[in-house]
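S.K.: Chains as they are written, first to last, in the UniProt record's numbering: chain A, 1 to 390; chain B, 1 to 390.
Source of the hints: derived by calculation from the structure; they are not laboratory data.
There's no promise every hint is true.
Where chains are identical, the list cannot tell them apart; a pair therefore holds if satisfied intra-copy or between any two copies.
[Said to hold, decoys possible] Pairs of lysine-lysine residues, derived as DSS-like cross-links and limited to a Cα-Cα distance of at most 25 Å, are as follows: (1) 79 x 105; (2) 79 x 96; (3) 96 x 229; (4) 230 x 336; (5) 218 x 79; (6) 242 x 336; (7) 105 x 218; (8) 336 x 229; (9) 241 x 336; (10) 218 x 96; (11) 229 x 105.
Number of protein chains: 2
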Amino acid sequence: MSERRLVMVPGPINYEPSVLRELAVSGLDHTSPEFVEIFADALGKLREIVYAGKEHQPVVIAGTGTLGMEASVTNFLTKGNRVLVVSNGYFGDRFKELLSRYPVKTDVLRPDTIGNGVEASRIIEVVEKEGYDLVTLTHVDTSTGVLQPIREVGKKLRNTGTILVVDGVCSVGGEEINLVEDGVDVLFTGSQKALGVPPGLAIIWLSPKALEKLKELKEPLSPYYMDLKKWVEVMRSYEEKKPVYFGTPAVNLVVALRKSLELILREGMENRVRRHMVLSEAFREAMKALGLGILASEKYTAHTITAVKLPSGIDAGLLVSFARSAGVAIARGLLKEVNYFRVGHMGPVNANDIIATIAVIERALYRQGYLSRLGDGLLRAQEVLARHGF
Amino acid sequence: MSERRLVMVPGPINYEPSVLRELAVSGLDHTSPEFVEIFADALGKLREIVYAGKEHQPVVIAGTGTLGMEASVTNFLTKGNRVLVVSNGYFGDRFKELLSRYPVKTDVLRPDTIGNGVEASRIIEVVEKEGYDLVTLTHVDTSTGVLQPIREVGKKLRNTGTILVVDGVCSVGGEEINLVEDGVDVLFTGSQKALGVPPGLAIIWLSPKALEKLKELKEPLSPYYMDLKKWVEVMRSYEEKKPVYFGTPAVNLVVALRKSLELILREGMENRVRRHMVLSEAFREAMKALGLGILASEKYTAHTITAVKLPSGIDAGLLVSFARSAGVAIARGLLKEVNYFRVGHMGPVNANDIIATIAVIERALYRQGYLSRLGDGLLRAQEVLARHGF
Numbered sequence: 001m002s003e004r005r006l007v008m009v010p011g012p013i014n015y016e017p018s019v020l021r022e023l024a025v026s027g028l029d030h031t032s033p034e035f036v037e038i039f040a041d042a043l044g045k046l047r048e049i050v051y052a053g054k055e056h057q058p059v060v061i062a063g064t065g066t067l068g069m070e071a072s073v074t075n076f077l078t079k080g081n082r083v084l085v086v087s088n089g090y091f092g093d094r095f096k097e098l099l100s101r102y103p104v105k106t107d108v109l110r111p112d113t114i115g116n117g118v119e120a121s122r123i124i125e126v127v128e129k130e131g132y133d134l135v136t137l138t139h140v141d142t143s144t145g146v147l148q149p150i151r152e153v154g155k156k157l158r159n160t161g162t163i164l165v166v167d168g169v170c171s172v173g174g175e176e177i178n179l180v181e182d183g184v185d186v187l188f189t190g191s192q193k194a195l196g197v198p199p200g201l202a203i204i205w206l207s208p209k210a211l212e213k214l215k216e217l218k219e220p221l222s223p224y225y226m227d228l229k230k231w232v233e234v235m236r237s238y239e240e241k242k243p244v245y246f247g248t249p250a251v252n253l254v255v256a257l258r259k260s261l262e263l264i265l266r267e268g269m270e271n272r273v274r275r276h277m278v279l280s281e282a283f284r285e286a287m288k289a290l291g292l293g294i295l296a297s298e299k300y301t302a303h304t305i306t307a308v309k310l311p312s313g314i315d316a317g318l319l320v321s322f323a324r325s326a327g328v329a330i331a332r333g334l335l336k337e338v339n340y341f342r343v344g345h346m347g348p349v350n351a352n353d354i355i356a357t358i359a360v361i362e363r364a365l366y367r368q369g370y371l372s373r374l375g376d377g378l379l380r381a382q383e384v385l386a387r388h389g390f
Numbered sequence: 001m002s003e004r005r006l007v008m009v010p011g012p013i014n015y016e017p018s019v020l021r022e023l024a025v026s027g028l029d030h031t032s033p034e035f036v037e038i039f040a041d042a043l044g045k046l047r048e049i050v051y052a053g054k055e056h057q058p059v060v061i062a063g064t065g066t067l068g069m070e071a072s073v074t075n076f077l078t079k080g081n082r083v084l085v086v087s088n089g090y091f092g093d094r095f096k097e098l099l100s101r102y103p104v105k106t107d108v109l110r111p112d113t114i115g116n117g118v119e120a121s122r123i124i125e126v127v128e129k130e131g132y133d134l135v136t137l138t139h140v141d142t143s144t145g146v147l148q149p150i151r152e153v154g155k156k157l158r159n160t161g162t163i164l165v166v167d168g169v170c171s172v173g174g175e176e177i178n179l180v181e182d183g184v185d186v187l188f189t190g191s192q193k194a195l196g197v198p199p200g201l202a203i204i205w206l207s208p209k210a211l212e213k214l215k216e217l218k219e220p221l222s223p224y225y226m227d228l229k230k231w232v233e234v235m236r237s238y239e240e241k242k243p244v245y246f247g248t249p250a251v252n253l254v255v256a257l258r259k260s261l262e263l264i265l266r267e268g269m270e271n272r273v274r275r276h277m278v279l280s281e282a283f284r285e286a287m288k289a290l291g292l293g294i295l296a297s298e299k300y301t302a303h304t305i306t307a308v309k310l311p312s313g314i315d316a317g318l319l320v321s322f323a324r325s326a327g328v329a330i331a332r333g334l335l336k337e338v339n340y341f342r343v344g345h346m347g348p349v350n351a352n353d354i355i356a357t358i359a360v361i362e363r364a365l366y367r368q369g370y371l372s373r374l375g376d377g378l379l380r381a382q383e384v385l386a387r388h389g390f
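Just chain A, same shape as in the assembly:
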């Protein structure tokens, strides 16, 4: 395999080489003043990318997005609490599956059809009627490419006792999130998607309201390793340059995270979000020009990942394996009831990657006899890219 392969699955991705080089840092232990500075800097930058203030606390723990998910709910729940899960796919449903291990009652709200999100008004209505202790939204569901808007719900819940947890695994660093304006209490993500760092870090942001709840809640359901009270203390100690110990931070990944955040802030979050919008538009439009449908409805389209529907005659497995053999890793669908494939376009993705990916998909469809000519997808993408000055 050539290491130059394009990794267009919805995470892991193609990382910036400068970020990868940071992973090989030597001579650094978790309590050295140099690492303490780096970790503190990374935490500060984590606030910046989601427009959080000093009063928000980011937390970085060795683990995956799923660890982030479990920590994000269990720390704010106690026995008998009620949770509303808004699910637009596999990862929304994961909240439900996860919570079934805990002594809480969980209701699930789903869109009318796969590919839609749930109307904010519907969510608010149910929450007002039922008075949940915690509500979860999946900002972008990696299985469907559906983006669930946050702000309207967040504004409504902000001054209530309900904690709003947002799964930002497939969105943070690519989609617009403003912790304050969006009224998010707990946001979590993994490192290997739009944040552009190899997998192994779960990152969680806590609002002042969440921090208050953390302090007050008696007998939270969190496992020991996911005890955010302990982790918040550790993070604060690093920011105060007097590190305390709970578990050894994933030093090398944190150093790489700092580097990636530096690159993200140099680009600027607004530019970055716009880039994700333009590149995803080019990709979606190309797929449509090839006669394919997008799983996510227009109103709820994510910009970090696209799920593309295939006619029943086309074999998604064949398409994906041809693309891989041609040097572009894309992913099969996660839902069994739909014939589709998924393409991630996030982090340091660029127009070259998008063009090459569209080209491979065209050739794969041509081989399977679905297309009788090549070039329509590329042409459409070119038009979109040119229109946006790319």
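Add chain B to chain A, keeping to what the hints say.
M.R.: Frame of chain A; chain B shown alone:
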């Protein structure tokens, strides 16, 4: 800071440069055939370093040793179960603290004095009398440098219903462990110590007995992310080259792990254990030649880490910060009731590192006025090294 600094804390350590380079691997996603091969190879090698058979299952999860600890106990316990924790320090006590969050009853067995281990006969007697569902041993407690022998206890428990969990965080890859002969059911470690891989991986080995219990136990207490049933399925799927998804593996760390395991097996575990024995002996003897005491008693001395006692007049903080400023990172004690410092000597540590570390400690003690002349520690270490042909 020079990245050539010696990292002689008890983990993180100085990694092999070839292992660090692997971290920067590009173009690899978690389902690519290339990564599947690498992960399967790493799992096979993980069996080899602890002399496990095909019937043992290693599991690699993104997280720290503490995650490994929580997964290792909660999957084998159900409400009302009884646990015996054998604790020789901070990390033994961590089992107790962790288990206090779960509906089980935990008893703790401690040595008569700090620095001792617990007699196997005493453990066996208590287990036979009380009939615990699970017993934990800390093979090497990083806080005290005490090694708790496993085999006698393991042989006794092997044919009983009791699950033997061993914390190998500060031992696997440096101390001798033979899963079969030692009768260990669940062994866990972190990547950043004697295994020689940057922090971020928890590794767990399960015996056939543990795998059976995993299958049979109704309502285990494990959190969702730590559900070993799910992870065992994932590991087996990678070994069968048909990966299933639960959480994204820490791809780059796993690639580095494979490399480090390759180096470990090339050296050979017997040679590796002997190297740890010789280097730790040289270090201990040097400390004694300087008039310092070793916290661990001779019978229970670890070979991966040494805790060195200081006379009350010597400031451990000053000693550690001088050493750091001189390019050797060593660690303060974790227990408050003893004036001591800790030195890790594990993984790819060599005689040069040991000599340089002893030299720095000599100079630090000389500066503080504790030593009136230099060289006694070095001379003693030289004699030990030369005697062993190093």
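S.K.: Work down the list of hints and note, for each, if the structure agrees.
M.R.: We went through each hint and held it up to the structure:
1. 79 x 105: The answer is both: 9 Å in one copy and 20 Å across copies each meet 25 Å.
2. 79 x 96: both (16 Å within a copy, 23 Å between copies)
3. 96 x 229: both (24 Å within a copy, 18 Å between copies)
4. 230 x 336: The answer is between: 20 Å across copies meets 25 Å, while 40 Å in one copy does not.
5. 218 x 79: both (10 Å within a copy, 21 Å between copies)
6. 242 x 336: between (50 Å within a copy, 17 Å between copies)
7. 105 x 218: both (18 Å within a copy, 21 Å between copies)
8. 336 x 229: Result: close only across copies, 23 Å inter versus 39 Å intra.
9. 241 x 336: between (49 Å within a copy, 21 Å between copies)
10. 218 x 96: both (23 Å within a copy, 20 Å between copies)
11. 229 x 105: Classified as both; 24 Å inside a copy, 24 Å across copies.
Violated hints are absent here; each numbered hint is respected by the structure.
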